[in-house]
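Colleague: Sequences listed follow chains A and B, in order.
Following full-length UniProt numbering, the numbering of the first sequence begins with 1 at its first residue and continues without gaps.
Following full-length UniProt numbering, the numbering of the second sequence begins with 1 at its first residue and continues without gaps.
The hints are simulated quantities; they were obtained by calculation from the structure and are not laboratory data.
Here a beta-carbon is modelled for each residue, glycine too, at the ideal position from N, C-alpha and C.
Any given hint could turn out to be false.
With a straight-line Cα cutoff of 25 Å, these simulated SDA-like cross-link-like pairs (lysine to any residue) come out [to be verified]: (1) A/34 <-> B/156; (2) B/25 <-> A/74; (3) A/181 <-> A/195; (4) A/25 <-> B/11.
So these bits of chain B aren't anywhere near chain A, every CB distance computed over 12 Å [unchecked claim]: (5) 39; (6) 47; (7) 49; (8) 63; (9) 94; (10) 96; (11) 98; (12) 102; (13) 103; (14) 107; (15) 120; (16) 145; (17) 146; (18) 148; (19) 150; (20) 161.
Number of protein chains: 2
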Amino acid sequence: MPQEPKVVKVEELPASEAKWVAFQKISWQDQTGKDRLWEAAARKTRKATGVDAVAISTILRHPLRPPSTIIILQYRPPVDAVCVEFPAGLIDDKESPSEASVRELHEETGYKGKLAFISPTIVADPGLSTANMQLATVEVNLEEGAKEPEQALDDGEFIERVVVPLDELYDRLVKYDQEGKTVDARLWHWAAGWHAAKTML
Amino acid sequence: MPQEPKVVKVEELPASEAKWVAFQKISWQDQTGKDRLWEAAARKTRKATGVDAVAISTILRHPLRPPSTIIILQYRPPVDAVCVEFPAGLIDDKESPSEASVRELHEETGYKGKLAFISPTIVADPGLSTANMQLATVEVNLEEGAKEPEQALDDGEFIERVVVPLDELYDRLVKYDQEGKTVDARLWHWAAGWHAAKTML
Numbered sequence: 001m002p003q004e005p006k007v008v009k010v011e012e013l014p015a016s017e018a019k020w021v022a023f024q025k026i027s028w029q030d031q032t033g034k035d036r037l038w039e040a041a042a043r044k045t046r047k048a049t050g051v052d053a054v055a056i057s058t059i060l061r062h063p064l065r066p067p068s069t070i071i072i073l074q075y076r077p078p079v080d081a082v083c084v085e086f087p088a089g090l091i092d093d094k095e096s097p098s099e100a101s102v103r104e105l106h107e108e109t110g111y112k113g114k115l116a117f118i119s120p121t122i123v124a125d126p127g128l129s130t131a132n133m134q135l136a137t138v139e140v141n142l143e144e145g146a147k148e149p150e151q152a153l154d155d156g157e158f159i160e161r162v163v164v165p166l167d168e169l170y171d172r173l174v175k176y177d178q179e180g181k182t183v184d185a186r187l188w189h190w191a192a193g194w195h196a197a198k199t200m201l
Numbered sequence: 001m002p003q004e005p006k007v008v009k010v011e012e013l014p015a016s017e018a019k020w021v022a023f024q025k026i027s028w029q030d031q032t033g034k035d036r037l038w039e040a041a042a043r044k045t046r047k048a049t050g051v052d053a054v055a056i057s058t059i060l061r062h063p064l065r066p067p068s069t070i071i072i073l074q075y076r077p078p079v080d081a082v083c084v085e086f087p088a089g090l091i092d093d094k095e096s097p098s099e100a101s102v103r104e105l106h107e108e109t110g111y112k113g114k115l116a117f118i119s120p121t122i123v124a125d126p127g128l129s130t131a132n133m134q135l136a137t138v139e140v141n142l143e144e145g146a147k148e149p150e151q152a153l154d155d156g157e158f159i160e161r162v163v164v165p166l167d168e169l170y171d172r173l174v175k176y177d178q179e180g181k182t183v184d185a186r187l188w189h190w191a192a193g194w195h196a197a198k199t200m201l
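Chain A with its partners taken away, still in its complex shape (with noise of 0.2 Å):
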């Protein structure tokens, strides 16, 4: 990385100049009948599946070590921050949201997986945003021996992938957190409840 990406100006964005992200203006009714108004943002990348996007939880298992899962690390300029997430992207168009899951993760990873379930369509912020998405859980088994596989970026992508023992997990994003990166909410509750899960008395 030959320098940190850093945001140099935020502007206000013109609804008519935006081309990814659509305001809304929703009228509602509530329980007692009232008319009400809500503000929400929207993908304007969404496709025929009506799911935006897909996050992968992966199971990578090799004969000498632990049960392992993948994380990356990626500058989001909404934050101004390298986040810690789950391998995640949109949806391709024509493309389900089970064959996004594995192509995601082989470009983000480098690694081959076999979808082995998926989430059904849950919400990432319903509060603010129409914003969907799907969780697969995607296993990868490894031969002793394997070497490390070559991530397939796209060119101006900029992601590092991490192989973290699953019961390192929660420690290990605990420590990003103090050395300055941004934990993404959802990975953090993942690993929140393993961590409850494997403590908790």
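Since the structure of chain A is already known, use the hints to place chain B on it.
Modeller: Chain B in isolation, oriented as in the chain A frame:
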């Protein structure tokens, strides 16, 4: 609930009319020094703490019942669905995220708890918005025969609370989805992490 809430109309929201949400055109420089643009949404309600919101993973203990958590069901206009979420809310002025956690849990569920832990600041959907939050763990210790407390909702708030044993949470979320409700991604991830820790071989 006298009637089902519903979306009546969705219009484009001009930036000049937006009261709760701001739209950002972010100029940033990438790792190669190239000037690039990103579009994002931001909440206008962020206070001096720099954190928009808190969510609460409650640990409810009772001498005769399995350890449980509390989830809430509420209609969310951006996704036009009843969402299943951890209790959560925006942080008030002159309030710390920790104080907000205990207050929101009480308002939305009626339970008064003690903060056991609060996460660092994590980001809700960093490709789309600046929204951030902290996840609190709040413990509630009940005595045998304790009655279910009253919620302390604001006028116009319609929130249903449900106590769920932690070991049943994941299956319960699957069932809510099948019934046509929509699960929040963060709650799903927490339950999926717990489920993986309990079931993975």
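Colleague: Please go over all the hints and tell whether each is borne out by the structure.
Modeller: Do the hints match the structure? See the list:
For the proposed pair residue 34 of chain A and residue 156 of chain B, the alpha carbon gap of about 9 Å is at most 25 Å, so the pair holds. Restraint check for residue 25 of chain B and residue 74 of chain A: satisfied, since their Cα atoms lie roughly 20 Å apart, inside the 25 Å limit. With a CA separation close to 20 Å, the supplied pair residue 181 of chain A and residue 195 of chain A stays within the 25 Å bound. Pair hint residue 25 of chain A plus residue 11 of chain B holds up; C-alpha atoms about 5 Å apart against a cutoff of 25 Å.
The beta carbon of residue 39 of chain B is not kept farther than 12 Å from every beta carbon of chain A, the shortest such distance being approximately 5 Å. No beta-carbon of chain A is positioned within 12 Å of the beta-carbon of residue 47 of chain B; the least distance is around 16 Å. Against chain A, the non-interface label of residue 49 of chain B holds: every CB pair exceeds 12 Å, the least being about 16 Å. The Cβ of residue 63 of chain B lies farther than 12 Å from every Cβ of chain A, with a closest approach of about 14 Å, so its non-interface assignment holds.
With a cut of 12 Å on Cβ distances, residue 94 of chain B stays outside the contact zone with chain A, its closest approach being about 22 Å. Listed as a non-interface residue, residue 96 of chain B keeps its Cβ farther than 12 Å from every Cβ of chain A; the least gap is roughly 18 Å. Remark: the non-interface label on residue 98 of chain B is consistent with the geometry, its nearest Cβ contact in chain A lying 16 Å away (cut-off 12 Å). Listed as a non-interface residue, residue 102 of chain B keeps its Cβ farther than 12 Å from every Cβ of chain A; the least gap is roughly 18 Å.
Listed as outside the interface, residue 103 of chain B is consistent with that label: its C-beta sits roughly 17 Å from the nearest C-beta of chain A, beyond the 12 Å cut-off. Every C-beta of chain A lies more than 12 Å from that of residue 107 of chain B, the closest at about 15 Å, which supports listing it as non-interface. Listed as outside the interface, residue 120 of chain B is inconsistent with that label: its C-beta sits roughly 4 Å from the nearest C-beta of chain A, within the 12 Å cut-off. Look at residue 145 of chain B: its CB is around 23 Å from the nearest CB on chain A, clear of 12 Å, so calling it non-interface holds up.
With a minimum CB-CB distance of about 21 Å to chain A, residue 146 of chain B clears the 12 Å threshold, and the non-interface call stands. A cut-off of 12 Å between C-beta atoms confirms that residue 148 of chain B is not in contact with chain A; the least separation is 21 Å. Non-interface status of residue 150 of chain B relative to chain A is upheld: no Cβ of that chain comes within 12 Å, the nearest being about 18 Å off. At the 12 Å boundary, the C-beta of residue 161 of chain B stays outside the reach of chain A, the nearest C-beta of that chain being 16 Å off.
Checked against the numbered hints listed earlier, the structure breaks hints 5 and 15; every other hint is satisfied.
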